[in-house]
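Chemist: Same order as they appear, the protein sequences are chains P and A.
Its first residue numbered 0, the first sequence is counted upward by one per residue in numbering that gives the first Met the number 0.
Its first residue numbered 0, the second sequence is counted upward by one per residue in numbering that gives the first Met the number 0.
Hints in this document: simulated from the structure, not taken from any laboratory.
Here the structure is a predicted model, which means the values were calculated and not measured.
For each residue, glycine too, the CB sits at the ideal point set by N, CA and C.
Among the clues, some could well be false.
Said to hold, decoys possible - Short, incomplete list of chain A residues facing chain P, as computed with Cβ under 7 Å:
1) Thr59
2) Phe64
3) Gln80
4) Thr118
5) Ser120
6) Glu123
7) Lys235
8) Ser336
9) Ala338
Spelled out from the first residue to the last, the chains are:
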Amino acid sequence: MIDNINNRRSRKKAVVFETMSFLILSIAIIGVIIMLRVYLVGGAGRSFGLVVERHVEEGVYAGANSVLYATEERSGKTMLELIGIAAYVGNDTVDFGPVVGKINVQKELEWRFDKIYGKGKWYLHVPQPDIQPEIQIVFVVDTSTSLCDDVEEMAKNLPFLIEDLRQTRKVTATIYLLLGGANCCKLGTHEDLGPIACSRFPEKEYLHCVGLTASVCPGFGSGGQRDEDWGNGIACAAKGGPKEGWEDFSIKVGIPLSDELPQGSECLGGNTCCADSPSSYAAQHIALQNGINASLKNNLIVFPMRANPCGTVCSLYAGGQTIERYTDLQCNCGNLLTQYMNEIADATGGKMFNLKNPTDVVNAVKDVITSVTPKRKPELVAGTQPPVRVDIRTVTTPVPVSLAGVYTTAYIYQWS
Amino acid sequence: MKKGVAYSTLVILALVGILLVSVWSYSQLATGSRFGATITQRQKEDISISNLELAKQFMTQNLKFSSSSASVDIAANGGTQVPKTYWYCDDAPTPPELNEVHFALSNTTRNYLGAYISTLSESELKNLGVSVSPYNCIGIADPGRDNCLKKDTSNCESFTSSAMQGGLIEVSTPTYVSYSGDLAADVATDRFFNFYYKLYKDTKESGLTRSIATGLRDSCDTTNTAAQRLQFALEKACDHYEALFEEPDGKKYVTCEFEILCTDTVNPTACTNVDCERPELTQALCWKSSSAAKINVDLSALNKVFDSIGGKVVRAQASFAGIEIIFHLTDTKYKVSSAKGPVDLIWNLYAVIDVANQECRPINS
Numbered sequence: 000m001i002d003n004i005n006n007r008r009s010r011k012k013a014v015v016f017e018t019m020s021f022l023i024l025s026i027a028i029i030g031v032i033i034m035l036r037v038y039l040v041g042g043a044g045r046s047f048g049l050v051v052e053r054h055v056e057e058g059v060y061a062g063a064n065s066v067l068y069a070t071e072e073r074s075g076k077t078m079l080e081l082i083g084i085a086a087y088v089g090n091d092t093v094d095f096g097p098v099v100g101k102i103n104v105q106k107e108l109e110w111r112f113d114k115i116y117g118k119g120k121w122y123l124h125v126p127q128p129d130i131q132p133e134i135q136i137v138f139v140v141d142t143s144t145s146l147c148d149d150v151e152e153m154a155k156n157l158p159f160l161i162e163d164l165r166q167t168r169k170v171t172a173t174i175y176l177l178l179g180g181a182n183c184c185k186l187g188t189h190e191d192l193g194p195i196a197c198s199r200f201p202e203k204e205y206l207h208c209v210g211l212t213a214s215v216c217p218g219f220g221s222g223g224q225r226d227e228d229w230g231n232g233i234a235c236a237a238k239g240g241p242k243e244g245w246e247d248f249s250i251k252v253g254i255p256l257s258d259e260l261p262q263g264s265e266c267l268g269g270n271t272c273c274a275d276s277p278s279s280y281a282a283q284h285i286a287l288q289n290g291i292n293a294s295l296k297n298n299l300i301v302f303p304m305r306a307n308p309c310g311t312v313c314s315l316y317a318g319g320q321t322i323e324r325y326t327d328l329q330c331n332c333g334n335l336l337t338q339y340m341n342e343i344a345d346a347t348g349g350k351m352f353n354l355k356n357p358t359d360v361v362n363a364v365k366d367v368i369t370s371v372t373p374k375r376k377p378e379l380v381a382g383t384q385p386p387v388r389v390d391i392r393t394v395t396t397p398v399p400v401s402l403a404g405v406y407t408t409a410y411i412y413q414w415s
Numbered sequence: 000m001k002k003g004v005a006y007s008t009l010v011i012l013a014l015v016g017i018l019l020v021s022v023w024s025y026s027q028l029a030t031g032s033r034f035g036a037t038i039t040q041r042q043k044e045d046i047s048i049s050n051l052e053l054a055k056q057f058m059t060q061n062l063k064f065s066s067s068s069a070s071v072d073i074a075a076n077g078g079t080q081v082p083k084t085y086w087y088c089d090d091a092p093t094p095p096e097l098n099e100v101h102f103a104l105s106n107t108t109r110n111y112l113g114a115y116i117s118t119l120s121e122s123e124l125k126n127l128g129v130s131v132s133p134y135n136c137i138g139i140a141d142p143g144r145d146n147c148l149k150k151d152t153s154n155c156e157s158f159t160s161s162a163m164q165g166g167l168i169e170v171s172t173p174t175y176v177s178y179s180g181d182l183a184a185d186v187a188t189d190r191f192f193n194f195y196y197k198l199y200k201d202t203k204e205s206g207l208t209r210s211i212a213t214g215l216r217d218s219c220d221t222t223n224t225a226a227q228r229l230q231f232a233l234e235k236a237c238d239h240y241e242a243l244f245e246e247p248d249g250k251k252y253v254t255c256e257f258e259i260l261c262t263d264t265v266n267p268t269a270c271t272n273v274d275c276e277r278p279e280l281t282q283a284l285c286w287k288s289s290s291a292a293k294i295n296v297d298l299s300a301l302n303k304v305f306d307s308i309g310g311k312v313v314r315a316q317a318s319f320a321g322i323e324i325i326f327h328l329t330d331t332k333y334k335v336s337s338a339k340g341p342v343d344l345i346w347n348l349y350a351v352i353d354v355a356n357q358e359c360r361p362i363n364s
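Use the sequences and the hints to build the structure in full.
Modeler: Right, dumping it as C-alpha cells:
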C-alpha cells in the first residue's frame, strides 16, 4: 500500500520534472530565437541599409566627378575649368572666339547632371567672386573760356573722387585738354586764375593730364578752331588710349566735356545758331563721326557731358585785356549740341549728361562709374531647388578661378 | 522517478547544447556583422586618398590656368621675359631662341602657380586638410617644329606644362597621405607655339625686311611722299604676316596692326640708335633631364636659310628711313584664359630697322 502510494508520488514528480524540463527547454529555445532576431538579424539589416546608402553616396560623388572632369567637346576644356572661367567673367555664357563660339556653362552642366542624376533630382550653385575689371577713363576737355569754372571744379575734385573710387576698385583717368587753353580770370575782380592747362591737375599714379597736341595725336590740330573739337579729340583719345595704354580687359570710358559743337558753335563764321540738322554743320558732323568710329573700334563707351553754357565768363587776353561777356551763343544754340552728344552716346552705349552747375561734374562721373560697372551674376545656378523633407546628399568641390590666387566652391545637391 | 530524473538530465544536456549552439551562432553572426559594420564605414584612408586626388585635380587646373596666363604675357612681351623683345635689331633678325621662350614661359607659369598656392588657404581645400608646397620648376613641352610649321594648325594648338621639383601635396586629416610626383596639364586651345615657330622661321628668312622692300618698290609713284611710301610698305608687311597665318581653307584669324614708335627719313640713325640687343640666356632650363623633357627641336636648319640669303644682315645700298616699330599680331581664332579673362592671344613683335632704299625705275622700262 505504502509502496503504491510512493510509486504514485514518484510518477507524479517525474511528470512534473518532465513538464518543467520541456517548459524550460521551450523557453530557452524561444529566448535564443528572440535574441538572434533582435541582436543579430536586426544588426545585419541595419548594416545592409548602410551599405545601400554608402553605395548611393559613392554614386553621387562619382557622378559629380564625372561631370566636373568631363571635357566639353567644342572648347576642349573640362567643366571645372569652364566653371572657373565663368566665375571670372561673372556670366553663365563665355565667348571663346569664332571657332568655338559661345558656351553656356549652365546649360552644359544641366544636360550632363540630368543624365547622371535625373531631371529635377539635383541642384548646383557656385558663388562667383566679385572680380571687377579696371575702369579706364579718358576725358576730352574743351579749353575755351566758357569752361573755366567747370575745369576749376574738375581740378579741385576729380583727384579725390578717383582716389575714393579706388578704395573699392581700380580706376584710372587721363585728361586730354584740347588745343588752346583760355586764360581764366575771376568775375568782377579780374584776378588772373591762369590758363586751362595740365598744371592744374596734379600728376598721380592714377591721374594724368596731357595736352592734345599734334605730337600726341598726329593729324590733329592742323588748321581750324580746335579748343572745342571734342569729336576729333575723342577719336584721338580712343585711338591713343590713356597714358598707361588700354588694358585688354578694362572698361573703356570716354567723357567729352564741352558746351559747344565739335569744332565750335560759330555757325557760318557768325554769331548765329545753326539749323538743327547735321547738314547745316557738315564739318562738325564729320568730327563727330570720327569720334564715333574710333570709339566703336576701340570699345570706348562715350558719356558726353554738356557744361552749362549760360552765364558770364571772364577771360584775359594778351596785352592785359580783360573781357567779361555773356555766353549767349552757347546758351542759345544748344539743340544741335545736345543732338550730337546724344548721337555719340547712343552709338557707343553711353549716356549724355546735361550739367546744371560745374559741381555736377563729380556726381555725373560717379553715375558713369555706376552705369558701366558690369552686372555680375552673384552665382552660377543650375538644376532644381531641393524640395523640403527629403534626404539630400551634398558634394562640395573647390574650383580654381582663372585669376591667379582666386577660388570659389561648387555645391552640388542630389536627392532621390 | 528514475524516468523523470533521466528526462531532466536530457533537458539539462539539451540546454547546455542550446547554450553552446547559441554562443557559436552568435560568434559566427557577430563576425559577419562586424564585417558589415566595417564595410559600411568609410575608411579614414579612403577619405584622405580621395581628398588627395581632389587636390591633385585642383592643382592641375591651377597649373593649366597659370600656363595659359603666362602664354598671354610672354606673347605680349614678344617671346621672352624682357618687356620688349626685338625680333629685328639693327636689321639683323634676332628672334628669341626656343630655350629663351621655354625659359620665359616656365618662369612666368611658376610665378602664377605660386600665387595660386599662396592663397590656397582661402579655398575649400583648407577645410579638407590639404596643404601644398611650391613647385620649383615648370617644364614646357611644345608640339614641335614639324607640327607647328604646317599650314593646318590643328596639331599645334596646345602645349603641355608640367609642375615638378619640390611640390608636395599633403593631406593631414583624417590620416596623413601625400603626393610628391609631377603634375601635368594640357594647355588647349592656345596657339602660342604655332605663332612662335612660324614667326621664328619667317624672321630668319628676313620676312619683314623683304616685305617692306617689296612695299617700297610697289609704291614707286612720284606722287607718293616718303612717309606715304613707308606707310604703304608697312601695311604690306602686315599683309605678309596675316598671310603667314592663313588657314588651309583661306580663312584668316590673325589680324595685324603696327605702331610706329619712331620714324625718320632724314636722319635714320635717330630711330635706329636703340638698345635692342638681349642679354644672352645663361641659365639652363630646369627640366632638361626631367619628365617633361621631350623638347629637343633643332632650329639650326633655319639659320642656314638665313645665311644663304646673304649673311647675318641684309644691307641695302642706301637708307630710306630708320624705324622702331611694333607689330601687334592678334589671334582671334580662340580666346585664351588669362589674368584678364578670356582674351585674344596677341604677339607683339618689336623691330628696329634701317629700311633700305629701293630704286624706282621709270614705268616704261
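Chemist: Going through the earlier hints one by one, which of them does the structure break, listed in rising order?
Modeler: 1, 3, 5 and 7
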